[in-house]
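Student: Protein chains in written order, with the UniProt record's numbering: chain A, 1 to 245; chain B, 1 to 245.
Just so you know, not all the hints are guaranteed correct.
Derived pair list, reagent style SDA-like, types lysine to any residue, alpha-carbon separation capped at 20 Å [what the hints assert, rightly or not]:
{"#": "1", "chain 1": "B", "residue 1": "K90", "chain 2": "B", "residue 2": "A116"}
{"#": "2", "chain 1": "B", "residue 1": "K136", "chain 2": "A", "residue 2": "K42"}
{"#": "3", "chain 1": "A", "residue 1": "K136", "chain 2": "B", "residue 2": "Q56"}
{"#": "4", "chain 1": "B", "residue 1": "K42", "chain 2": "A", "residue 2": "K42"}
{"#": "5", "chain 1": "B", "residue 1": "K136", "chain 2": "B", "residue 2": "N18"}
{"#": "6", "chain 1": "B", "residue 1": "K163", "chain 2": "B", "residue 2": "Q56"}
{"#": "7", "chain 1": "A", "residue 1": "K136", "chain 2": "B", "residue 2": "Y64"}
{"#": "8", "chain 1": "A", "residue 1": "K42", "chain 2": "B", "residue 2": "M70"}
{"#": "9", "chain 1": "B", "residue 1": "K42", "chain 2": "A", "residue 2": "R65"}
{"#": "10", "chain 1": "A", "residue 1": "K42", "chain 2": "B", "residue 2": "R66"}
{"#": "11", "chain 1": "A", "residue 1": "K42", "chain 2": "B", "residue 2": "E61"}
{"#": "12", "chain 1": "B", "residue 1": "K42", "chain 2": "A", "residue 2": "P68"}
{"#": "13", "chain 1": "A", "residue 1": "K42", "chain 2": "B", "residue 2": "Y67"}
{"#": "14", "chain 1": "B", "residue 1": "K136", "chain 2": "A", "residue 2": "Q56"}
{"#": "15", "chain 1": "A", "residue 1": "K136", "chain 2": "B", "residue 2": "D133"}
{"#": "16", "chain 1": "A", "residue 1": "K136", "chain 2": "B", "residue 2": "V59"}
With the Cβ distance kept under 10 Å, some of the chain B side facing chain A (calculated, not the full set) [unchecked claim]:
{"#": "17", "residue": "V54"}
{"#": "18", "residue": "Q56"}
{"#": "19", "residue": "L57"}
{"#": "20", "residue": "Y64"}
{"#": "21", "residue": "Q72"}
{"#": "22", "residue": "G73"}
{"#": "23", "residue": "T76"}
Just so you know, the hints here were simulated from the structure itself, not pulled from any lab data.
Backbone N, C-alpha and C define an ideal beta-carbon position, used for all residues, glycine too.
2 protein chains.
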Amino acid sequence: MIPGLQAELASQFDIHFNRPELLDEAFTQASYVNEHPHQGLKFYERIEFLGDAVLQLTVSEYIYRRYPEMPQGKLTRLRAAMVQEASFAKFALECHFDRYIRLGKGEEKEGARHRASLLCDIFESFVGALYLDQGKDAVVAFISRVIFPKLDAGWFDHAIDYKTALQEWLQRDGDVHIEYDLAAETGPENDRDFTMTVAAAGKIIGQGIGKSKKIAEQSAALQALTSLRGQQETLVDHGRDQADN
Amino acid sequence: MIPGLQAELASQFDIHFNRPELLDEAFTQASYVNEHPHQGLKFYERIEFLGDAVLQLTVSEYIYRRYPEMPQGKLTRLRAAMVQEASFAKFALECHFDRYIRLGKGEEKEGARHRASLLCDIFESFVGALYLDQGKDAVVAFISRVIFPKLDAGWFDHAIDYKTALQEWLQRDGDVHIEYDLAAETGPENDRDFTMTVAAAGKIIGQGIGKSKKIAEQSAALQALTSLRGQQETLVDHGRDQADN
Chain A
1 MIPGLQAELA SQFDIHFNRP ELLDEAFTQA SYVNEHPHQG LKFYERIEFL GDAVLQLTVS
61 EYIYRRYPEM PQGKLTRLRA AMVQEASFAK FALECHFDRY IRLGKGEEKE GARHRASLLC
121 DIFESFVGAL YLDQGKDAVV AFISRVIFPK LDAGWFDHAI DYKTALQEWL QRDGDVHIEY
181 DLAAETGPEN DRDFTMTVAA AGKIIGQGIG KSKKIAEQSA ALQALTSLRG QQETLVDHGR
241 DQADN
Chain B
1 MIPGLQAELA SQFDIHFNRP ELLDEAFTQA SYVNEHPHQG LKFYERIEFL GDAVLQLTVS
61 EYIYRRYPEM PQGKLTRLRA AMVQEASFAK FALECHFDRY IRLGKGEEKE GARHRASLLC
121 DIFESFVGAL YLDQGKDAVV AFISRVIFPK LDAGWFDHAI DYKTALQEWL QRDGDVHIEY
181 DLAAETGPEN DRDFTMTVAA AGKIIGQGIG KSKKIAEQSA ALQALTSLRG QQETLVDHGR
241 DQADN
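So that you can see chain A by itself, here it is in the shape it has in the complex (with noise of 0.2 Å):
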């Protein structure tokens, strides 16, 4: 058993592991296993090849429901951006996973504990063994505190555009109408400058300047994703504040 990893997960997620073995396998590298010839251990690889596969349903199976209009071309964009290693790895490390890795002491020593590539295993054969202990719906209790919020956090805006990326965070609880309008055309005729304003409802909740009015629109709805973030983010922390007092 690798010591404090029952107790994190506990703590941190409520996960409670029927077979601890299964956790054992998923955090032990193959170098370890190799220093250890005797222990009858087994190493992470193949427990990773079925989490792989976990996360890349799971997350499709979010992000197709969630966002009932997006194309395919979209959703692929979406999924891509968030299954990647960099991805997982950030995931990893806010789990604290990177200290219950079992490595061999060559590797230690090289940083293995720290790369990309490994934490992004890490979190994928975690993710296979929670779904062997307890099934899929564990799996997506579990990701829906750890990947699902960095949608609305903006995390993956990049892989779909700030213009949808603002109408489906708009969108979320229904339809509601959305407008760009060039508020402005300036400097000389050869070097011009758009500034263009995003409405919802309405209402004008960003505005953005560009050498073309597509440009103009994307800072348009960057602007108003973050500020609408900022205010959900300030609601969230009164919320936070409430519920400790």
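On the provided structure of chain A, position chain B as indicated by the hints.
Tutor: The following block gives chain B in isolation, referenced to the frame of chain A:
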């Protein structure tokens, strides 16, 4: 509603959709929607996005459990062979899905109905629809009839080499001792032929010749597989005959 499709699914697979509109979506290409603009139709691409991930997971989980000793690299190669376009296109034909695709006239003329890429898409979108309508277990039941028997039939052996395929086949129901032995070396020193035999539980089940021992082993494993599968098919056919009578 697409004429005949529900009857086909009922008679072939005993599958009955609760929401047949999901089936319509899964079998309709964008070109058809464009030709019928006022019917509020949906085309298959979003549902295919989901189906693709469902197939990845269900196939991964099946081979993960079925081959408990198979290392990740081989699992990955095997999955890649199983979920590729050419495989899915064949499964779609076998299920007669080609008959029910709704296409625009131009696409029909250009032969899209028989194109592997479209057949593969439709196989995936059908699985997506089945998943949305009835959940993962229904998908597993379906692909247990359409995909998994192909493993035993040798469709994907090339992905994992014949020695591995033979081993997996023989050890489906428990451990069996497998041994390769050099039976003969013939020909001149600089142009040797090696004959290898393969034995299971002490009984020779295949023999192969090659310019190296490795090649001869692969050839022996292939011969053993072919002959074992021939025997099994005879048994299966016999069983079928009896069931029919």
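Student: So which of the earlier hints does this model not fit?
Tutor: Structure breaks hints 2, 4, 6.
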